[in-house]
Amino acid sequence: MLVGLHGLHVAVGLFWLGIMMLQAATLGFRAMVRRRLLCFSLFWHAIDIVWIGVFTTVYLLGSR
Amino acid sequence: MGRASSAFRFAAPVLLGLAVLLRLVLRPVLRPVLRLPAAGRDRAAAAAAGAAAAAPPDPEASRDAMSQDPAAASGHTDKAPGADEADDPLHSYLVGFALACGLTLASFGLANTGLIWEPAIPVVLMVLAVAQMGVHLVFFLHLGSGPDQTNNVMALAFGLLIVALVLVGSLWIMAHLNGTMMPMSPRLGG
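Read top to bottom, the protein sequences are chains E and D. Residues in the first sequence are numbered from 1 upward in steps of one, following the working numbering. Residues in the second sequence are numbered from 1001 upward in steps of one, following the working numbering.
Simulated from the structure, these hints should not be mistaken for lab results. Quantities reported herein were computed from a predicted structural model and do not represent experimental measurements. We put the CB at the ideal spot given by N, CA and C, even for glycine. Just to be clear, a hint being listed does not mean it is correct.
[Said to hold, decoys possible] If you only want the chain D side, here are some residues facing chain E, beta carbon under 8 Å, derived:
| hint | residue |
| --- | --- |
| 1 | A1111 |
| 2 | M1133 |
| 3 | F1140 |
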C-alpha cells in the first residue's frame, strides 16, 4: 500500500517529466515552460523526501 | 565486545548525523567568519550592529535592521547553502547529491552490517533520515534561512503542524474508539 501509492506518484512524476522534456525540446525554455519546470521540480523533490521516509520505514526498519 | 566500544559504536553514527545537521545549520553562520577577506567588513558591520543594539531602543530602526538583508548591508553577498543559484547552480546540486548519497549509503550500510549496537539501529536510521530530509529541503527545494524564505519556512512549519494534528488526532481518537462506543449486548452485536 505504502510502496504502491509512492510508486503511483513516481509514475505520475515520470509521465510529467517526459511531458516537460518534450515541451522543453519543442517550445524551448520560455517563461511558461520554466514555470512548469519549477512546479515539476517541487513535486519531484517532494516525493523524493517522501521516498526517504518510505525506504527508512519499509526497507530498513520494516525488515528488522 | 566490551561495553565501552559498544557505546562508541552507538554514539559514533548519531554524532555523525548530528554533525551533518549542525553543519547545515551553522554553515550560513560560519561562512562569513571563515571567508577572511570579508572579515574586516563583517567586523565593521558587527560593530555597527552592536552600536545600534547599545543605542536607546528605537522600534522603527530595529525593525529596519531585522528586515534588512545583512549581506546587502555589509556590502558582500554571502548566501545560505542551496541558495547560491546565481553563482553556480550545479555546485549546490552536486553538494546536495553527495550529501544525500552519503546519508543513504550510511543508512543502508548501518542497517545491514553489525557495525553498531543492535537496539540503536532504529534511532540511527531515524537520525540519518531526518538529516537527509534536511539536505533535500536545503539543497533541492532551496529552503533557506534568509529573510526572503520566511514565508516558505512558515508554510512548511504550518503544513507539518496540520499533518501532525491530523495523524496524532486520528490515532488518539481511534485508540479510544472502544471506550466511547455504546454498550452493546452480545445478541445485538453482529
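Here's how the hints hold up against the structure:
1. Here the hint on A1111 of chain D is kept, as its CB sits about 4 Å from the closest CB of chain E, short of 8 Å.
2. Taking 8 Å as the C-beta contact cut-off toward chain E, the hint placing M1133 of chain D at the interface holds, the least distance being around 5 Å.
3. Hint on F1140 of chain D holds. Least Cβ distance to chain E is approximately 4 Å, under the 8 Å limit.
Checked against the numbered hints given earlier, the structure satisfies every one of them.
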